[in-house]
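Engineer: Just so you know, the sequences run in chain order A and B. Residues in the first sequence are numbered consecutively from 1, following our numbering. Residues in the second sequence are numbered consecutively from 1, following our numbering.
Possibly wrong hints are sitting among the right ones.
Straight-line C-alpha distance at most 30 Å; calculated DSBU-like pairs for lysine-lysine [unchecked claim]:
1. B:324 to B:248
2. A:288 to B:163
3. B:163 to A:474
4. A:706 to A:730
Quick partial rundown of chain B residues pointing at chain A, CB under 8 Å, derived from the structure [to be verified]:
5. 88
6. 89
7. 92
8. 96
9. 105
10. 125
11. 139
12. 151
13. 167
14. 171
15. 231
16. 253
Chain A regions said to be covered by chain B (calculated; three or more residues, Cβ under 8 Å) [unchecked claim]:
17. 133-146
18. 162-171
19. 525-538
20. 561-568
Derived by calculation from the structure, the hints in this document are not laboratory data. We put the CB at the ideal spot given by N, CA and C, even for glycine.
In case you want the letters, here they are:
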Amino acid sequence: MKFTLSWLKEYLETEEGLDTIAAALTMIGLEVERVDDPAPRLSLFKSVLVEEVEPHPNADRLRVCLVDTGDTKISVVCGAHNVRSGMKAVFAPAGATVPGTGMVLSKTVIRGVESNGMLVSEREMGLSHEHDGIIDLSQDVPVGVPFARIFGLDDPVVDIAVTPNRADCLSVLGIARDLAAAGLGRLKTRPLVPVDSDVPPSVQVMIDLGDQARLCPAFAWCHVRGVQNGPSPDWLRQRLHAIGLNSINALVDMTNFMTFDCGRPLHVFDAAKINGNLQVRLARRGEKMLALDGRVHELEAGMLVIADDYGIVSIAGIMGGERTGCDEMTTDVLIESALWDPLCIARTGRRLGIDSDARYRFERGVDPAFVIPGLERATRLTLDLCGGVASSLSVAGHVPDAERVVHFDPRQVRRLSGLSTDDDEIGAVLNALGFLTSWHEGETFDVSVPSWRADVTTQADLVEEVVRIVGVDKVPSVPLPRPDAVIGSIQTIGQRRRGLARRNLAARGLAEAMTWSFISEAHATCFGGGQRELELVNPISPDMSHMRPGLLPGLINAVRRNVDRGFADVALFEVGQVYRGLRPDDQLMMAAGVRHGISHVNGAGRHWQDETKPVGVFDAKADALAVLESLGLSVGNLRVLSDVAPSWFHPGRSAAVRLDPQTDLAWFGELHPDVLDLFDVSGPLVGFEIFLDAAPVSRSGSVRTKPHLQLYDLQPVRRDFAFVVENDVKADELIRAARGADKALIVDVRLFDVFEGGALEGRKSLAIEVTLQPKDKTLTDADLESVSEKIVARVGAATGGVLRK
Amino acid sequence: MAEWDQLERELIAAIEGAADDAALEVVRVAALGKKGSVSALLKCLGGMSPDERRSKGPLINSLRDRIVDAIAVRRVALRTAALRVRLAHERVDVTLPVRRGSVHDGRIHPVSQVIDEIMIIFADMGFSLAEGSDIETDYYNFTALNFPEGHPAREMHDTFFFKQDHAGERLLLRTHTSPVQIHSMETRKPPLRIIAPGRTYRCDSDQTHTPMFHQLEGLVIDRDSHLGHLKWVLQEFCKAFFEVDRVKMRFRPSFFPFTEPSLEVDINYTRTDAGIRFGEGEDWLEILGCGMIHPTVLVNCGLDPSVYQGFAWGMGIDRIAMLKYGMPDLRSFFEADIRWLKHYGFRPLDFPGLIGGGA
Numbered sequence: 001m002k003f004t005l006s007w008l009k010e011y012l013e014t015e016e017g018l019d020t021i022a023a024a025l026t027m028i029g030l031e032v033e034r035v036d037d038p039a040p041r042l043s044l045f046k047s048v049l050v051e052e053v054e055p056h057p058n059a060d061r062l063r064v065c066l067v068d069t070g071d072t073k074i075s076v077v078c079g080a081h082n083v084r085s086g087m088k089a090v091f092a093p094a095g096a097t098v099p100g101t102g103m104v105l106s107k108t109v110i111r112g113v114e115s116n117g118m119l120v121s122e123r124e125m126g127l128s129h130e131h132d133g134i135i136d137l138s139q140d141v142p143v144g145v146p147f148a149r150i151f152g153l154d155d156p157v158v159d160i161a162v163t164p165n166r167a168d169c170l171s172v173l174g175i176a177r178d179l180a181a182a183g184l185g186r187l188k189t190r191p192l193v194p195v196d197s198d199v200p201p202s203v204q205v206m207i208d209l210g211d212q213a214r215l216c217p218a219f220a221w222c223h224v225r226g227v228q229n230g231p232s233p234d235w236l237r238q239r240l241h242a243i244g245l246n247s248i249n250a251l252v253d254m255t256n257f258m259t260f261d262c263g264r265p266l267h268v269f270d271a272a273k274i275n276g277n278l279q280v281r282l283a284r285r286g287e288k289m290l291a292l293d294g295r296v297h298e299l300e301a302g303m304l305v306i307a308d309d310y311g312i313v314s315i316a317g318i319m320g321g322e323r324t325g326c327d328e329m330t331t332d333v334l335i336e337s338a339l340w341d342p343l344c345i346a347r348t349g350r351r352l353g354i355d356s357d358a359r360y361r362f363e364r365g366v367d368p369a370f371v372i373p374g375l376e377r378a379t380r381l382t383l384d385l386c387g388g389v390a391s392s393l394s395v396a397g398h399v400p401d402a403e404r405v406v407h408f409d410p411r412q413v414r415r416l417s418g419l420s421t422d423d424d425e426i427g428a429v430l431n432a433l434g435f436l437t438s439w440h441e442g443e444t445f446d447v448s449v450p451s452w453r454a455d456v457t458t459q460a461d462l463v464e465e466v467v468r469i470v471g472v473d474k475v476p477s478v479p480l481p482r483p484d485a486v487i488g489s490i491q492t493i494g495q496r497r498r499g500l501a502r503r504n505l506a507a508r509g510l511a512e513a514m515t516w517s518f519i520s521e522a523h524a525t526c527f528g529g530g531q532r533e534l535e536l537v538n539p540i541s542p543d544m545s546h547m548r549p550g551l552l553p554g555l556i557n558a559v560r561r562n563v564d565r566g567f568a569d570v571a572l573f574e575v576g577q578v579y580r581g582l583r584p585d586d587q588l589m590m591a592a593g594v595r596h597g598i599s600h601v602n603g604a605g606r607h608w609q610d611e612t613k614p615v616g617v618f619d620a621k622a623d624a625l626a627v628l629e630s631l632g633l634s635v636g637n638l639r640v641l642s643d644v645a646p647s648w649f650h651p652g653r654s655a656a657v658r659l660d661p662q663t664d665l666a667w668f669g670e671l672h673p674d675v676l677d678l679f680d681v682s683g684p685l686v687g688f689e690i691f692l693d694a695a696p697v698s699r700s701g702s703v704r705t706k707p708h709l710q711l712y713d714l715q716p717v718r719r720d721f722a723f724v725v726e727n728d729v730k731a732d733e734l735i736r737a738a739r740g741a742d743k744a745l746i747v748d749v750r751l752f753d754v755f756e757g758g759a760l761e762g763r764k765s766l767a768i769e770v771t772l773q774p775k776d777k778t779l780t781d782a783d784l785e786s787v788s789e790k791i792v793a794r795v796g797a798a799t800g801g802v803l804r805k
Numbered sequence: 001m002a003e004w005d006q007l008e009r010e011l012i013a014a015i016e017g018a019a020d021d022a023a024l025e026v027v028r029v030a031a032l033g034k035k036g037s038v039s040a041l042l043k044c045l046g047g048m049s050p051d052e053r054r055s056k057g058p059l060i061n062s063l064r065d066r067i068v069d070a071i072a073v074r075r076v077a078l079r080t081a082a083l084r085v086r087l088a089h090e091r092v093d094v095t096l097p098v099r100r101g102s103v104h105d106g107r108i109h110p111v112s113q114v115i116d117e118i119m120i121i122f123a124d125m126g127f128s129l130a131e132g133s134d135i136e137t138d139y140y141n142f143t144a145l146n147f148p149e150g151h152p153a154r155e156m157h158d159t160f161f162f163k164q165d166h167a168g169e170r171l172l173l174r175t176h177t178s179p180v181q182i183h184s185m186e187t188r189k190p191p192l193r194i195i196a197p198g199r200t201y202r203c204d205s206d207q208t209h210t211p212m213f214h215q216l217e218g219l220v221i222d223r224d225s226h227l228g229h230l231k232w233v234l235q236e237f238c239k240a241f242f243e244v245d246r247v248k249m250r251f252r253p254s255f256f257p258f259t260e261p262s263l264e265v266d267i268n269y270t271r272t273d274a275g276i277r278f279g280e281g282e283d284w285l286e287i288l289g290c291g292m293i294h295p296t297v298l299v300n301c302g303l304d305p306s307v308y309q310g311f312a313w314g315m316g317i318d319r320i321a322m323l324k325y326g327m328p329d330l331r332s333f334f335e336a337d338i339r340w341l342k343h344y345g346f347r348p349l350d351f352p353g354l355i356g357g358g359a
């Protein structure tokens, strides 16, 4: 909402300066977004007298002018056809910035003649598109008057953000009322002399809404004959121009002025163009109207319209039609001042995509009690601007009674805000805002809410009024009492798991990324998502249309961007939500990561100490297991299963990790070449995905005691075995078999060598180191022999493996 | 006697001339071995008369002792020399670069770090964490929060929608974390002190707006907490979070359908080449909206507004992260540019909180 300082002062008698007013506006809830005072940047532009005009000695189309600036007489070269001696013009000296072009003027020599500045056109001053000659001022203007004053631009423009509840402050009147209540001055009332006429309007208006009459409670109108429509006077043009509106003609400008001045949107019809009478009704599907915005709007059934015998003449409360619009030829005008249902206006405006100042106000709620006074003021203004003879006012429907009383206990102010404002001051603040207060049995106020404050319905609303006018800065800062107990863990188990996963992965050298929750349909589908129900109706771009089924798509895209920038050896992870459906339970928390190029846990990029090899499935496996272990799972209990990881992984280089046979805790592997193609990234690329909520909650629950630690004095004994097995035997089976050979004695089995090829052709050798922990007596050779036999037998039975010779 | 002297001279010369342990051992065996020259002299002692033995014994024994000592001295000298040679041989270039370790390489995203920082500060004030899902119903995102159907305030939220389901319900991506207020009040009994960080969504994109961002919801419900407490909580939070003794904040009246009175809070700062300073300069950054819970919201959650009251706030986590750590552009938060993550991210062992902080 924009307004100018002088406009405000029509309603507010104040001694305060612009800065104080602007600061006060923000502090009472009318946040100042911008204050624009054009006068300072136009201060160099002043009126001058062009004393002499001589032809330019070296150019046919240029003239050399002697200009009297009041202080001095200087030479200016000018090319305008209308420059003549004795004229009053606007002069910009060297150093001035021309607003219309942004050009900074300097003293120059034009074809051998010195020029000390510029005589400017309306377009150069940003006044209009007029560039046919320089500004030709009236002879009455003295020399040396600032341009801004001559054109009424010495009036600062204030732009405030009005919150949706404060429809009353979408008018200069409403803003002035708030400022006056805040002690910034006195609210001026402007007397209105109603037009007295016995002649009824010749056009009749019928509200024909059946049981939907609430959509248009009241429609008031007046008919003014014999008007002379034309350009508005300067004061009106300047005000509208200052707030960014184009001046159209006096009648249209009058309605725009009323909209901003007192928050009363109006419409003017050229009465001569109306066929028959007007009817307020609901549109029929497919009806069309060419509106004043130059667009043809096709209406939907149920939209509110005003129609004559030929069809729709106005989309009620939003925009009028071109056919009955007022132009310079209009002599009979019908002025409409009506009440429309805010929801209906909002819905229609949104469906049709029309943003008008009228819609903006009607959908927020206009003052119902101002329908008739607003029409009276508009009629008076019309007569003042355009002459003519007014009819009496007519009203269809009834102006609703907006009277509302809120029982208000002034102690609520202290209860809700902590302010210790006394009752008298509370009453005074409310009165200044237009609320009427009377004591109800000496305990509470009966507060009568003014018709323009539909937003105030409860005691809390009244507390807000008091707080914002007394001042939020007056609210004391009061310590929130400390809790009377230590609160213990403040996180849920899920949050703790996310934190553990995050710190562990970062400690393994991966960098945490945060990627969009929505991805493209193709990427979502590739990773098991892309369902129609998870598609956004209004995505911000086609690449962000579907809720992500996993974290890998976003991470792989991030890898591609980094690779494209020249950073190929990246390791990224994300901990966040994925979506399997729309219900809250369908939102899962995952941790996932990717490693690309040479980016192992011990470091990224080539290094003289390392064998330089690209990442592989085991890098991803190590990450996945590290996270699962951080969640309290014992890696020894986990099963790593091949051939069950999802399709986006390499089928032979991927696995699922399970604790029980049904539940996948994690997947890891090299990404499938098809995925690399789809994401346009080259490998090697490995990834892992962990379902953070799938791991069982530790059975010990809140018991934090660790199990008893058993230490033995006897040294452990280590024995190595190398088994030759078929190629498809899983190392894990062999290790488990060895371990199971003597559960009491064998405490660890470690696989330290894998050898394939050579003479083994089709088979491989797996070498393990078995650790035996004697408990109460030293192991004899016979004991060792017996355990070794059990291991060989067990492994042989489980895997078909035989000791390598 | 003279031949003994001769023998000793020869042996000493041989010992000193031994080039390594093996050569020295040969000399030792030749002198002191079973058939050694010194051993032979010692053996003669048995065949001597007591007088002769008394006179020659000490001489022969001392000869033996001198040879033994000489061998020992030579052995040490040889070992020292050999060690010197070995150590010289083992010399490496210690300026060769080393891997700095994964703890050096990894990073925590600034938003995660900031959420941890926030959590610790509010934990100290007795708050615990809650959370909700990103996909919400219209009821929890709007209706329960007193956004009337069709009200312009709904439009300000630029909501992402899903298609209507068979029952005619249209789900959406939550536009703020405030639905967590409703879930919390529905499921827990007052008094409540809750914070809820999370992702929120609006279909809007420019330098300061991304379609996805992070918000922190705060909620206090009891019988007497008022705006003054709200002010204190937020002031104390900002001081602790920005790690300053004083912070200049501006509380402005505003409007949210779910609070009454409603306030917006700006923080005063200035950006210089040396970084961001608080409580100085002319710049204000809006960091949060807040207010007293609207009575209608309390009623919607089954609480009697004449008994219970409280306040709530919604704070932009990304914004306060930018303000504290100086990231210029919000969009980079979600780009996963490894250069940005390395620069603005935190090391995994940079634990926030009372025992954390810079060295």
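Engineer: Give a verdict on every hint.
Structural biologist: Here is how each hint holds up against the structure:
| no. | hint | result |
| --- | --- | --- |
| 1 | B:324 to B:248 | holds (14 Å) |
| 2 | A:288 to B:163 | holds (29 Å) |
| 3 | B:163 to A:474 | violated (48 Å) |
| 4 | A:706 to A:730 | violated (33 Å) |
| 5 | 88 | violated (23 Å) |
| 6 | 89 | violated (21 Å) |
| 7 | 92 | violated (12 Å) |
| 8 | 96 | holds (7 Å) |
| 9 | 105 | holds (4 Å) |
| 10 | 125 | holds (6 Å) |
| 11 | 139 | violated (13 Å) |
| 12 | 151 | holds (7 Å) |
| 13 | 167 | violated (12 Å) |
| 14 | 171 | holds (5 Å) |
| 15 | 231 | holds (5 Å) |
| 16 | 253 | holds (3 Å) |
| 17 | 133-146 | violated (count 0) |
| 18 | 162-171 | holds (count 4) |
| 19 | 525-538 | holds (count 7) |
| 20 | 561-568 | holds (count 4) |
Of the numbered hints listed earlier, those contradicted by the structure are 3, 4, 5, 6, 7, 11, 13, 17.
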